[in-house]
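For the sequence shown, my numbering begins at 77 and goes up steadily by one.
These are computed hints drawn from the structure, not numbers from a lab.
The model shown is predicted, which means the values in this text are computed figures rather than measured ones.
Glycine residues also receive a C-beta, built at the ideal position from the N, C-alpha and C atoms.
A few of these clues could be false.
Stated by the list, open to error - Computed beta-carbon distance windows for the label pairs: (1) 361 x 277: 34 to 42 angstroms; (2) 322 x 188: 34 to 42 angstroms; (3) 199 x 224: 29 to 37 angstroms; (4) 227 x 314: 18 to 26 angstroms.
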Amino acid sequence: MPVFRIALSMSAGEAPPIAPAAVATRLAPCGDMGFHRLMIRGTEMARRVALAALACAGLAGQGWAEAPSPHDPLAAAKRIDRDLQLTAMDGETATAPADDPVQVRPRLRPAAVPHARWSHRAEAPLWTRAALSALGDHAAPLVRMVPDDIETWCPAYPQADARTRAAFWVGFVSALTRHESTYRPDAVGGGGRWYGLMQILPATARGYGCRARSGAALKNGADNLSCALRIMARTVPRDGVIHGHSERSGRAWRGVSADWGPMRSGAKRADIASWLRAQSYCQPLSHLRPKPRPEGLAAPVE
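Put together the whole structure using the sequences plus the hints.
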């Protein structure tokens, strides 16, 4: 691991390189901050860490006196940020091993989240993340399977990857929520029987092992969605369809329709399916190609 040499380019001229002993002495008041060895990734992050260390220790001014500088550390920080230069002793870019415990920053979440029908709600990001989290955990069976009637809901689903399939299920529950509760997490229906975004009976939640098991708990939007997806992850693989109905079978309503009333309405199913098919994650790639240039429109000048 290369050790960085820090040099300050001040207006009065070049300051001498900082001796390691001097750095350790100056950083002692800062506590155990681990700056005595800058074992970090990349020169830019090294510059930032050194800046923080020097500002903490009050290393300002044009010289290196034994006593801490009386100058304002914030002013020093600005000056150091302008003038600090870090160069590797061996001239190579510093890198850290894969198991280096020093992490530059937390791993970023995927930048894009799927479009959901509740996007106008302030809670939309939380609800979408909660649904995605469930689909990556206890509701993962939904992502792994291809329902027999998926063509009705999302033509691109069979060829889609796991992330795109999860996007479909987020869109599906968001569209169903419109008909169940009109996106109101505190909604109570059926004379006080069903609760929350997806109108879940507390006894049903307990039977499926949901975390939210009471009416009050089911008014938490994120927990309600997590419970709903837990139920669907059992019923949809069991029946092989999102919606099914047969008077001749022992279970008249199948799939999601076995538990959610709006799915038993042809008009509401059509509304949900129409909205889903219009989303990018449900459209085949051939539908996403750029439209051809209209005839007669001049080509761009080379």
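These are the hints, each one checked on the structure:
1. 361 x 277: 34 to 42 angstroms: holds, 41 angstroms
2. 322 x 188: 34 to 42 angstroms: For residue 322 and residue 188 the Cβ distance comes to about 39 angstroms; the hint holds.
3. 199 x 224: 29 to 37 angstroms: holds, 33 angstroms
4. 227 x 314: 18 to 26 angstroms: holds, 20 angstroms
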